[in-house]
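Participant: Residue numbers (the working numbering), protein chains in the order written: chain A, 175 to 462; chain B, 53 to 391; chain C, 4 to 238.
Keep in mind that the hints were calculated from the coordinates and are not lab data.
Computed from a predicted structure; not experimentally measured.
All residues carry an ideal CB built from backbone N, CA and C; glycine is no exception.
Accuracy of the hints is not assured; some may be wrong.
[What the hints assert, rightly or not] Using C-beta positions, here's what the derived DEER-type ranges look like: (1) A:G248 with C:D32: 55 to 61 Å; (2) A:V179 with C:G167: 56 to 62 Å; (3) B:S192 with A:V314: 35 to 41 Å; (4) B:T69 with C:R75: 46 to 52 Å; (5) A:I300 with B:V231: 19 to 25 Å; (6) C:R75 with B:S259: 34 to 40 Å; (7) A:V451 with B:S259: 22 to 28 Å; (8) B:V191 with A:A290: 25 to 31 Å.
[Claimed, not checked] The following residues of chain B were derived to be distant from chain A, with all beta-carbon distances above 10 Å: (9) R63; (10) S201; (11) L330; (12) V364.
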Amino acid sequence: MIEWVGVIVQGTLLGGLYALFAAGLSLIFGVMRLVNIAHGDLIVLAAYLGLSTTMMLDVHPFVALIVVMPLMAGIGYALQRGVLNQTLGPDILPPLLVTFGLSVILQNALLEGYTADPQKLNGGAIETASLSAGGLAVGVLPLLTFVVAVAMIACLQWIFYKTSLGRGFRAVSDNQDIAQIMGLNKAHVFGLAMALALAVTAIAGILLGMRTSFDPAIGGGRLIFGFEAVIIGGLGSLWGTLAGGVILGVAQTIGAKIDPGWQLLAGHIAFLVVLAVRPNGLFPRVEH
Amino acid sequence: MSAPTVTRATRASSVATVIALIALVLLAAAPWWAGRADMRLMGEILLYLSLACLWNLMAGYAGLVSVGQQAFVGFGGYMLFALTIFGGLHPIAAIIAAGGLAAIVSIPIATLIFRLKGAYFAIGTWVIAEVFRLSFAQVSALGGGSGSSLPVGIVKSLAASRSGREALSYWLALGAAVVVISAVYLFLRSRRGLALTAIRDSEVAASGLGIDIWRTKLEVYVVTSAFTAIIGGLIFLQKLRISPDAAFSVNDWTAFVIFIVVIGGIGTLEGPIIGTLLFFALRETLADFGTIYLMVLGLVAIVVMLKAPKGVWGLIRDRFDLELFPLSYRVRTATDKGA
Amino acid sequence: MPDLLTLHALDAHYGDFQALFGIDMTLADGEVIAIIGANGAGKTTMLRSISGLLRNRADQIVYRGQPIGALRADRVAHLGIALVPEGRQLFPSLSVEENLLLGGKVGRPGPWSMEKVFGLFPILEERRRQASTSLSGGQQQMVAIGRALMANPDFVMFDEVSLGLAPVVIKSIYDALPDIVGEGMTAMIVEQDISKALSVSSRVYCLQEGRVSLEGRTKDVTHDQITQAYFGVAA
């Protein structure tokens with residue numbers, strides 16, 4: 175029994191990581207209806223930037239965030255203004271195909287720069303540290319990941335609903351023309367949204383890199399996990415996204431407990447079941 | 053001046069028909085004039101051409117942008133292996149049966165992922181492909197995660213000699229490409245094809261005209277899935293070896309296909325043909341550079357999408373008002389002989 | 004009075020369709036003019052051009068001596084040009100207060116503030132935390148006007164503010180107009196309700212099929228002239 179409680183706790187904590195994958199995806203979809211196929215590769219890029227930073231400056235991966243977060247945010251802003259803004263419009267093909275092309279470019283650039291060998295970020299003692307309570311051992315790193323995920327979602331929620339920046343995001347999302355005549359430059363607002371999304375992605379990438387080994391090819395899988403968390407949780411709801419991540423994580427750890435080969439399959443099946451039963455997700459945003 | 057007539061054919065399309073027939077005869081005779089490596093390459097080109105036409109029908113005409121077509125390529129490949137090894141079917145029968153099975157499997161899948169809109173539909177198709185990959189990796193009778201080879205006895209049942217097998221497998225690829233292109237062309241010319249074009253132009257107006265959008269899209273999805281599985285079967289009949297990672301590779305069976313269609317011209321029938329030729333020309337010259345080649349390909353696709361969204365064929369068509377597959381109607385008066 | 008805004012042979016197109024044909028127009032500083040015309044005459048297109056949502060050749064629209072025809076809408080907003088759009092078009096995910104705050108985003112100095120808008124339309128203060136979509140049509144129109152004023156513009160364009168509202172509500176909004184333009188603001192009132200538009204303006208332009216069909220001082224134009232210019236037929 176306690177064994178299964180442990181499985182569910184681990185799945186929940188894993189869900190925090192998936193929610194971090196999903197948060198950026200959810201944010202940019204909310205602001206500009208863009209689905210970024212390269213999102214997973216950008217997570218992997220952040221992990222590699224973390225790797226380079228830890229090696230060059232000889233610092234802990236967490237310290238590397240001081241470099242990687244602004245770097246990813248800058249990449250996001252430049253990418254949005256330089257390329258992605260040109261794809262936005264009523265036709266869904268251009269953003270989809272351009273981000274798909276971007277995904278292939280990123281993957282192969284990483285392959286060229288870092289080879290296909292799996293890498294890992296060295297987190298030191300925190301990776302093996304664990305807390306135990308009532309016969310239940312919980313890893314400190316997964317716990318920390320979950321806490322960070324909750325904090326990030328709360329932070330994004332606050333930015334979205336309590337700040338002038340978030341007001342701009344919502345206004346542009348509602349009505350681009352009218353936002354523009356209120357003096358908002360939508361190209362800049364979209365750039366800021368992508369910058370914020372990739373700053374979150376930087377955190378996700380570093381935590382991913384400390385948790386497991388990574389290589390340039392794993393981006394697609396991370397995109398799918400983030401996407402599944404978004405759809406399970408319901409479009410447009412950040413807390414729903416966290417719940418979606420947790421459900422996906424728990425489904426995977428339960429699957430893995432039954433048979434190691436079933437981990438990913440169980441997650442996908444949970445997603446398909448939710449899609450069949452509640453196509454709008456479990457916590458869709460209530461429309462005004 | 054006599055009364056204007058409405059026609060689909062143009063002089064260019066008539067010329068194209070003649071050229072296509074000559075090319076077809078030449079291609080059919082390839083086993084007598086082409087070397088072994090060239091024939092293998094041409095077979096591959098023809099199979100990619102088929103995949104590109106099918107993806108174009110879905111994405112360019114029906115608005116179903118899938119990044120998960122590898123699901124059906126891999127499914128077709130695995131069905132070839134399963135039905136020949138365990139069902140004792142002849143490989144060609146197995147490949148046709150794979151198409152039928154794919155059509156059946158695609159119906160419940162469509163009812164599920166059609167709930168996702170636009171780009172989310174795209175990622176949904178990818179999830180399905182992952183489910184296929186992970187599921188087939190669990191089947192230990194087919195080699196599990198490491199895959200298996202087609203037994204020698206089955207390979208020999210195609211033709212006794214190696215050159216005979218290679219010729220047969222090439223003709224199958226050629227036949228499949230002809231069937232796929234003709235089927236897509238005839239479909240687009242039919243009433244259903246017109247409905248599809250109406251949906252692409254405006255879903256609201258199309259539903260106002262009494263077109264059942266969901267049903268029309270479902271038909272396209274099911275037919276495309278079936279043909280994609282058949283092509284998948286032919287691909288792995290050439291390779292003679294299958295594994296989950298090769299069968300359900302998003303790069304090989306979807307990324308390349310998307311690049312072909314985008315570069316050639318999405319939403320046109322000529323686009324995939326031009327795109328396939330350009331893709332292989334690029335690959336044959338740049339393949340030694342490996343990753344750089346793929347980056348260039350991605351970059352070219354992005355630039356085309358941003359600067360010339362109708363692709364290379366779109367540029368040619370706008371410049372010369374050409375149409376090799378006569379789909380649109382032209383009003384012509386007796387004095388106007390232009391084409 | 005010096006010219007605030009001048010349109011020089013302004014054309015506008017939606018794809019192949021031409022909506023405006025060589026509009027010439029001049030607004031003096033502090034003036035209130037009315038733009039009347041039937042549906043499809045090009046009134047809203049003209050406002051979209053001036054506000055920068057439709058881009059034109061730079062010199063076709065001149066504001067305080069500066070060619071602005073090719074500027075992006077957000078740059079035009081920063082110059083002190085505001086629009087109360089047709090159909091209100093409030094931001095549905097923003098509360099009443101947030102809609103107003105967004106209007107003040109350009110941050111120009113001037114007399115208008117949230118308090119002053121609430122002074123003009125007291126009902127909005129009670130509803131400040133509500134979703135803007137939960138308000139009645141008239142209240143939404145007040146928010147739309149307040150949102151434009153929050154930018155402290157020198158020039159405001161009102162597009163069909165009376166559309167779809169009850170007569171009593173229209174009256175209360177038009178009663179507030181003198182208070183608004185009393186602050187030395189220049190205004191352009193676009194209306195299908197001719198009498199309302201004429202009652203608050205000193206000059207009038209009538210558009211018909213994308214061209215100016217009549218212009219003159221409000222007190223000089225006759226009913227027959229307007230009918231002729233509006234419908235294109237003799238009365």
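Participant: Next, verify each hint and record whether it holds.
Facilitator: Evaluation of the provided hints:
{"no.": "1", "hint": "A:G248 with C:D32: 55 to 61 Å", "result": "violated, 44 Å"}
{"no.": "2", "hint": "A:V179 with C:G167: 56 to 62 Å", "result": "holds, 59 Å"}
{"no.": "3", "hint": "B:S192 with A:V314: 35 to 41 Å", "result": "holds, 38 Å"}
{"no.": "4", "hint": "B:T69 with C:R75: 46 to 52 Å", "result": "holds, 50 Å"}
{"no.": "5", "hint": "A:I300 with B:V231: 19 to 25 Å", "result": "violated, 60 Å"}
{"no.": "6", "hint": "C:R75 with B:S259: 34 to 40 Å", "result": "holds, 36 Å"}
{"no.": "7", "hint": "A:V451 with B:S259: 22 to 28 Å", "result": "holds, 27 Å"}
{"no.": "8", "hint": "B:V191 with A:A290: 25 to 31 Å", "result": "holds, 27 Å"}
{"no.": "9", "hint": "R63", "result": "holds, 32 Å"}
{"no.": "10", "hint": "S201", "result": "holds, 22 Å"}
{"no.": "11", "hint": "L330", "result": "holds, 15 Å"}
{"no.": "12", "hint": "V364", "result": "holds, 15 Å"}
Hint compliance for this structure: hints 1 and 5 are not met, and every other hint is.
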